[in-house]
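Visitor: In case you want the letters, here they are:
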Amino acid sequence: MTSYIVRRLLWGVLLLIMVIFVTFLVYFLLPSTDPAILRAGRDASPSVIAAIRRDLGLNHSIIVQFWNYLTGIVFHLNFGYSYYYNDPVGGLILNRLPATLSLTVGAAILWVIVGIPIGIISAIKRRTFLDRASMGIALVFVSAPVFWLGLIALFLLANDIGRFHVFLGSGSYVGLTTNPWRWFQSLILPWMVLSATQCAIYARLVRGSLLQVMGEDYIRTARAKGLPERTVILKHGMRSAVGPLVTVLGLDIASLLGGAILTETVFSIPGIGRLQIDAIGHGDLTIIQGTVVIAAIFIIIANILVDIAYAFLDPRVRYE
Amino acid sequence: MSSEQPAGTLLSVENLSVQFPTPDGIVHAVDGISYSLDAGGTLGIVGESGSGKTVAALTLIGLTRTQGATVTGRIMFNGRDLLTASKTELRHVRGDDIAMIFQDPLSSLHPQFRVGSQLIEAMRIHRPITKSAARARATELLDLVGIPDPKRRVDQYPHEFSGGMRQRAMIAMALSNEPKILVADEPTTALDVTVQAQILALLERLRSELGMAIIMITHDLGVVAQIADHIAVMYAGRIVEAADARRLFSAPQHPYTWGLLRSIPSLEGPRGVELVPIPGRPPSLIRRPSGCHFHPRCAYALPSHAAIDPPLVDAGAPGHMVACLLDAAQREAAWAELRAGGAPEQARIAAGIEDDAVEPTEVAG
Chain A
1 MTSYIVRRLL WGVLLLIMVI FVTFLVYFLL PSTDPAILRA GRDASPSVIA AIRRDLGLNH
61 SIIVQFWNYL TGIVFHLNFG YSYYYNDPVG GLILNRLPAT LSLTVGAAIL WVIVGIPIGI
121 ISAIKRRTFL DRASMGIALV FVSAPVFWLG LIALFLLAND IGRFHVFLGS GSYVGLTTNP
181 WRWFQSLILP WMVLSATQCA IYARLVRGSL LQVMGEDYIR TARAKGLPER TVILKHGMRS
241 AVGPLVTVLG LDIASLLGGA ILTETVFSIP GIGRLQIDAI GHGDLTIIQG TVVIAAIFII
301 IANILVDIAY AFLDPRVRYE
Chain B
321 MSSEQPAGTL LSVENLSVQF PTPDGIVHAV DGISYSLDAG GTLGIVGESG SGKTVAALTL
381 IGLTRTQGAT VTGRIMFNGR DLLTASKTEL RHVRGDDIAM IFQDPLSSLH PQFRVGSQLI
441 EAMRIHRPIT KSAARARATE LLDLVGIPDP KRRVDQYPHE FSGGMRQRAM IAMALSNEPK
501 ILVADEPTTA LDVTVQAQIL ALLERLRSEL GMAIIMITHD LGVVAQIADH IAVMYAGRIV
561 EAADARRLFS APQHPYTWGL LRSIPSLEGP RGVELVPIPG RPPSLIRRPS GCHFHPRCAY
621 ALPSHAAIDP PLVDAGAPGH MVACLLDAAQ REAAWAELRA GGAPEQARIA AGIEDDAVEP
681 TEVAG
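First to last, the sequence lines map onto chains A and B.
Counting from 1, one number per residue, gives the positions in the first sequence under the working numbering.
Counting from 321, one number per residue, gives the positions in the second sequence under the working numbering.
If you are wondering where the hints come from, they were derived from the structure by calculation, not from laboratory data.
C-beta atoms are modelled at their ideal positions from N, C-alpha and C, and glycine is treated no differently.
Fair warning: there could be bad hints in the mix.
[Said to hold, decoys possible] Derived DEER-like restraints, expressed as beta-carbon distance ranges: (1) A/L130 with B/P448: 30 to 38 Å; (2) B/R525 with A/M1: 36 to 44 Å; (3) A/G208 with B/K451: 33 to 41 Å.
All chains, please: the whole structure from these sequences, using the hints.
Guide: Next up, the structure:
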């Protein structure tokens with residue numbers, strides 16, 4: 001097991017280097033304005049621009065630039081400096097992380113505690129009105145784009161522009177440590193919107209995998225033992241159905257941590273997604289690279305964690 | 321005990337029918353079967369896949385209820401009808417009074433729970449015993465069914481067991497509450513021949529040691545020959561012949577039973593006798609053949625057999641019943657010819673069945 005984890009981590013690092021290289025290459029080759037000009041501001045003289053080029057290391061060859069960038073990340077956790085904010089990218093991302101983390105974790109809790117029970121009920125009551133209704137609603141939410149749902153939610157329920165003034169609206173986010181109650185209130189709508197789609201996906205996923213499991217022979221054995229149906233479903237059925245869920249959950253959380261761009265934009269939450277979208281607007285290459293690399297790190301770590309979790313969930317899985 | 325059940329009768333199934341509605345039509349999985357099981361006795365139910373034998377067994381403990389089946393008849397056990405028993409009542413019968421083991425031991429144990437904990441769970445649903453007492457008993461049971469090193473095995477997962485050991489573990493689980501009846505649905509089909517023999521010997525030993533009754537469901541007459549004292553042969557959801565095991569093997573009355581007997585190799589019969597498969601496939605249980613359901617595959621069928629549905633009638637010995645339209649003399653002559661190694665065509669002539677009869681034809685869908 002330990003050797004497996006070490007091997008996976010080494011592969012993860014290699015994969016990360018490849019991701020860094022590709023993002024680096026993509027943004028290098030992208031037809032964008034010279035970062036030095038962006039950085040220099042309006043009507044800068046050529047000598048100033050040349051000085052900035054030297055400062056940023058843009059006069060080196062692409063290989064050297066990549067090497068500097070890579071060693072900066074690996075050895076100093078240095079993702080470079082933002083052209084626009086003139087701050088270290090690592091620090092900028094770190095500042096934005098709590099907002100994204102709040103949004104993601106809260107939404108994940110919500111979609112797990114709502115989506116999974118709906119899926120279970122739907123599977124048990126298969127082909128009844130309840131099943132068809134919840135799967136129909138799920139289909140609507142799966143198909144609805146988050147930005148649309150977000151706007152609808154704001155127009156309906158936000159306390160500023162909403163039809164009914166129920167929840168705090170867009171741009172009301174404050175940090176958890178600043179004002180926990182306001183933090184909570186400001187995130188209610190974003191959580192609901194972000195988890196709506198996910199709820200629907202999870203409900204369908206649970207329903208599907210539970211239905212498959214309930215046809216297994218060992219479920220018949222559990223019933224033949226005289227177990228109450230509740231135990232058959234929740235213990236024997238869900239024990240097997242939970243595997244695919246963990247995989248999806250791990251990757252979903254990881255990819256949202258890399259920036260819930262749409263939700264953060266609609267609700268003006270200062271998270272990594274917003275940082276990213278603003279950086280694109282400013283042509284701020286180092287931030288774009290930095291956020292992509294961070295997202296990749298999250299995904300790679302989540303993959304490893306999911307695989308390790310599998311060994312605990314399913315005794316048949318053994319990693320040599 | 322109900323006054324309607326003779327003393328010594330543990331279970332009596334009366335006119336049991338099970339139907340499943342499907343988009344293609346109603347599946348007549350079980351069509352009016354009756355049998356009874358004595359305490360400590362062994363009943364073999366034999367038939368091809370799709371003859372309704374498994375459905376009949378699952379219905380005993382109410383496991384077809386969840387599948388939307390329409391069930392009629394009576395299943396009298398301990399003086400009450402299990403068909404009208406409430407969900408909770410039935411749940412207390414399952415795994416306690418009537419335990420069941422299944423065809424595929426590989427998939428019948430939950431892969432993600434330890435074998436011991438699956439046994440412990442089976443006990444603790446029905447008995448108020450502590451975890452540690454249940455655990456000790458689980459170890460004992462594994463030992464009883466012949467699993468070596470049970471103290472270590474009790475903490476292992478099913479995938480660490482071989483196929484035969486898993487079936488032993490299933491049996492241990494079924495025995496954990498000392499059931500009065502063990503229903504074994506093709507318990508040896510998925511196993512090697514040598515392991516099959518061991519499992520059958522184990523069941524036989526447990527039956528005599530623990531005094532439980534066994535219902536053995538199988539497609540293999542060889543299996544029931546070793547273990548059953550009474551045999552019912554099922555075809556297309558019905559019992560077509562039932563008799564004491566000895567009687568069934570010495571004087572079988574139904575052409576389908578002849579077919580089953582002639583399709584298994586025998587060490588005792590004349591050598592060089594070819595194994596003869598029964599032609600055709602089991603019929604669709606949605607659109608069953610008219611008249612005698614077996615007539616399309618029967619070598620002895622007359623045109624009239626496609627119209628008359630034979631009732632199950634006395635066949636000349638106590639407890640021996642058969643549903644066949646041939647008369648007793650014809651059956652006796654035909655079986656005598658078959659037993660001597662004759663082909664079905666010769667047996668047909670020997671039985672004096674006129675030649676203008678219908679040729680056996682394949683059953684259409």
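Visitor: Where does the structure disagree with the numbered hints, that is, which hint numbers, in rising order?
Guide: none
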